[in-house]
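So the protein sequences, as listed, match chains A and B.
If you're matching positions, the first sequence starts at 1 in full-length UniProt numbering and goes up one per residue.
If you're matching positions, the second sequence starts at 1 in full-length UniProt numbering and goes up one per residue.
Derived by calculation from the structure, the hints in this document are not laboratory data.
From the three backbone atoms N, C-alpha and C, an ideal C-beta is built for every residue, glycine too.
Take these hints with a grain of salt, some might be off.
Stated by the list, open to error - Label pairs and their calculated CB-CB ranges:
#, chain 1, residue 1, chain 2, residue 2, range
1, B, E105, A, S383, 44 to 54 Å
2, A, E154, B, R48, 41 to 51 Å
3, B, D69, A, L371, 37 to 47 Å
4, B, E109, A, D55, 50 to 60 Å
5, B, L372, A, S236, 50 to 60 Å
6, A, Y226, B, R259, 19 to 29 Å
7, A, S344, B, R259, 15 to 25 Å
8, B, D69, A, I375, 42 to 52 Å
9, B, P44, A, K72, 53 to 63 Å
10, A, D177, B, E21, 35 to 45 Å
There are 2 protein chains.
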Amino acid sequence: MEIDEEYIDKVKGLIEQKDAENVKSLLIDLHPADIAELCNDLAPEEARFVYRLLDNETAADVLVEMDEDVRKEFLEILPSETIAKRFVDYMDTDDAVDLIRELDEDKQEEILSHIEDIEQAGDIVDLLKYDEDTAGGLMGTEMVTVNENWSMPECLKEMRLQAEKLDEIYYVYVIDDEDRLQGVFPLKKMITSPSVSKVKHVMKKDPISVHVDTSIDEVVQIIEKYDLVAVPVVDSIGRLVGQITVDDVMDEVREQSERDYQLASGLSQDVETDDNVMRQTSARLPWLLIGMLGGIGNSMILGNFDATFAAHPEMALYIPLIGGTGGNVGTQSSAIIVQGLANSSLDAKDTFKQIAKEAVVAVINATIISLLVYIYNFIRFGSTATVTYSVSISLFAVVMFASIFGTLVPMTLEKLKVDPAIATGPFISITNDIIGMMLYMGITVLLS
Amino acid sequence: MEIDEEYIDKVKGLIEQKDAENVKSLLIDLHPADIAELCNDLAPEEARFVYRLLDNETAADVLVEMDEDVRKEFLEILPSETIAKRFVDYMDTDDAVDLIRELDEDKQEEILSHIEDIEQAGDIVDLLKYDEDTAGGLMGTEMVTVNENWSMPECLKEMRLQAEKLDEIYYVYVIDDEDRLQGVFPLKKMITSPSVSKVKHVMKKDPISVHVDTSIDEVVQIIEKYDLVAVPVVDSIGRLVGQITVDDVMDEVREQSERDYQLASGLSQDVETDDNVMRQTSARLPWLLIGMLGGIGNSMILGNFDATFAAHPEMALYIPLIGGTGGNVGTQSSAIIVQGLANSSLDAKDTFKQIAKEAVVAVINATIISLLVYIYNFIRFGSTATVTYSVSISLFAVVMFASIFGTLVPMTLEKLKVDPAIATGPFISITNDIIGMMLYMGITVLLS
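Turn these sequences into a full structure, and let the hints guide you.
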């Protein structure tokens with residue numbers, strides 16, 4: 001089923017005619033994720049018309065799948081009681097927490113007070129306490145748990161009861177009488193194990209688990225490394241408190257990589273092609289203005305070297321080469337570091353080792369580039385011209401500086417617990433452009 | 001269990017003493033993914049020592065989890081028969097295909113001829129025919145399938161038999177007598193459904209599936225959108241031929257985003273912080289050399305405007321501003337397009353619409369930047385100086401050009417089925433730098 005423009009226009013037409021019957025019959029065949037995609041493209045008023053036709057279960061699923069900003073707009077005008085009773089009551093706790101986090105505090109309180117299922121409300125209140133960037137902030141409390149001392153028939157009966165309430169079962173967790181996680185029961189075992197012994201003799205012991213305070217980055221790595229579909233979350237005394245599923249982790253991987261990419265490209269906030277002009281401009285203008293200030297700063301620095309330019313007018317011709325090379329080298333170095341830190345192949349403790357290695361790579365690159373440019377300038381201006389030496393020496397210095405600076409800055413930010421990705425892209429190019437000009441002018445003056 | 005340097009040194013020490021007993025007792029507690037991580041950090045000779053201590057099942061799992069280049073080096077010296085009988089025979093078909101694809105054709109043939117399980121060998125030969133970037137190239141043939149006409153007891157018995165051979169069950173697929181996919185059986189139903197009726201009355205009909213020729217990007221989107229843990233793959237007449245699991249898809253998401261990020265940062269091949277100096281240099285040098293040629297080209301262009309610089313020496317001061325702004329704007333525009341195309345929120349058909357929108361954003365950014373620079377130059381040089389007008393008009397022109405060019409190039413590449421990500425980063429900055437200088441010089445000459 002393709003949600004194309006034609007389809008959207010058809011739905012819009014039916015909504016305009018208030019033809020609830022036909023809209024409903026169109027929706028009946030759609031997956032909640034498809035209805036959400038449709039709603040993302042409708043006006044809020046039209047989306048509300050669609051919503052009124054959905055049963056509570058589906059409406060909650062659709063809301064979970066909607067774009068964050070469309071959802072926020074959609075929820076803003078709804079009374080808290082409706083949000084609680086029509087949506088939150090039918091959601092998994094992790095999705096409910098995501099939704100409630102988006103709202104302001106007063107509305108959060110109101111919604112929580114209107115949730116009918118007290119157990120769910122309590123779970124949500126507990127989950128809201130965790131930091132958003134930790135396992136506790138990402139986990140949900142819906143899962144199937146069995147006691148290690150149950151017999152297999154008891155266990156199967158209890159699993160059936162619990163499974164009825166869930167959309168999907170990933171693993172069955174085994175706990176002891178103190179709620180501590182003892183094992184995991186891959187579903188496979190459920191169909192293959194003959195139902196005779198106690199659960200504890202059939203389960204897989206020492207399962208891979210994460211702590212509530214484990215960072216999301218680490219959770220992602222664990223799920224990826226061990227090819228899991230879900231990971232159990234335990235508190236500091238080992239009690240099973242929740243589960244993180246692979247679909248949420250995949251969203252994290254996607255969001256994290258898109259964010260790094262945007263930061264590296266000089267976009268200061270999450271922006272998509274279908275965002276409006278206002279949002280597009282405000283995502284781009286900050287770095288353009290900083291770049292502009294950098295450019296003006298550069299013009300002031302260069303303004304102090306009138307005499308140098310007067311004596312060697314050809315010096316001006318190499319400004320783009322020096323600035324551009326510094327930018328390119330710095331971007332490469334910082335990107336390698338940011339990526340290494342993101343996928344944990346690099347540790348902030350290894351700063352010195354990494355800089356030493358980077359320096360070796362830089363010497364090779366710097367030598368090749370400055371030598372080639374030297375040959376070119378030798379042919380163009382001859383060996384006695386100041387520019388012939390000064391450009392190549394400056395290039396060498398700029399490549400060395402940009403490589404080490406591009407390594408040092410993200411490593412330092414990581415140590416200071418600041419996202420190293422902000423150190424890539426425009427920040428690095430602008431800084432290297434300015435330092436490059438200073439080096440170029442300084443070296444030229446020394447050689448003149 | 002943390003595989004840190006201390007741990008690795010300990011293992012290295014034991015290997016040196018040829019202490020097989022103690023190495024084995026260390027390995028016994030490790031997950032295959034951890035052993036693989038350990039082997040990535042050992043010398044090939046040491047890794048082979050570890051390998052000899054593993055049972056066939058574990059050895060195959062470890063090999064699947066190893067870094068691609070370490071694995072290649074490791075396999076190169078092994079005879080084909082050993083690879084077939086010790087590893088491939090114990091692997092899932094999708095992993096076996098990944099491994100065999102890395103080797104040269106002669107070795108591929110040899111390995112295939114040594115696989116003992118004829119059915120598996122046949123599956124691998126079939127899978128090797130599919131394009132690597134399609135669902136067929138990513139799928140495996142290991143899955144649990146039941147016939148829609150079976151009764152539930154029959155079905156359970158058959159499932160048990162099939163499940164014994166698998167590491168993990170994701171879904172149970174239901175096929176008709178012609179092998180055509182008819183439904184999916186979420187495992188949840190297996191424990192919740194009373195075992196009375198025929199499979200076809202319990203299954204979920206019309207499951208989400210992909211075609212063997214579906215592109216990997218689309219498979220990733222489908223798994224993400226519908227929050228699946230696996231997706232069945234069908235051929236052109238609807239027969240179930242394989243399954244793609246979420247762990248493989250997650251690897252794809254990670255690889256794809258890392259690749260886009262590296263391209264945007266001017267790295268021409270996959271490179272990690274722990275790669276050697278040679279590889280680091282060869283990943284970086286190509287774009288640095290292209291940037292160098294661009295810089296030399298720029299110096300030639302500027303060299304034609306001696307007279308202009310002589311008349312207005314202050315023109316040189318703004319070269320970094322014009323070049324840098326063009327680079328920043330172009331990088332932003334192209335990044336937004338590349339990301340939109342990657343997550344399918346943008347379609348290459350919408351080129352015209354997107355350029356129109358981009359032009360509006362560009363006019364706003366261009367106006368703000370050139371106005372601010374105008375005010376600055378008005379104060380610095382006064383309203384009559386050529387530079388006051390020429391810099392601001394050039395900035396306006398550069399921002400407009402870079403925005404539209406940064407949109408047009410990736411959209412065109414996408415239409416030509418070339419990866420649009422190559423159009424970001426250094427390509428865009430170098431081009432914009434050159435065009436920026438041409439515009440700047442041209443406009444200055446016109447105004448003089």
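Outcome of the hint check:
1. B:E105 to A:S383: 44 to 54 Å: About 53 Å separates the Cβ atoms of B:E105 and A:S383, which means 44 to 54 Å holds.
2. A:E154 to B:R48: 41 to 51 Å: Hint holds: Cβ distance 49 Å, inside 41 to 51 Å.
3. B:D69 to A:L371: 37 to 47 Å: violated, 30 Å
4. B:E109 to A:D55: 50 to 60 Å: holds, 57 Å
5. B:L372 to A:S236: 50 to 60 Å: holds, 54 Å
6. A:Y226 to B:R259: 19 to 29 Å: Distance hint for A:Y226, B:R259 holds at roughly 24 Å.
7. A:S344 to B:R259: 15 to 25 Å: holds, 18 Å
8. B:D69 to A:I375: 42 to 52 Å: violated, 35 Å
9. B:P44 to A:K72: 53 to 63 Å: holds, 54 Å
10. A:D177 to B:E21: 35 to 45 Å: Holds, at about 39 Å.
Hint violations for this structure: numbers 3, 8, all remaining hints satisfied.
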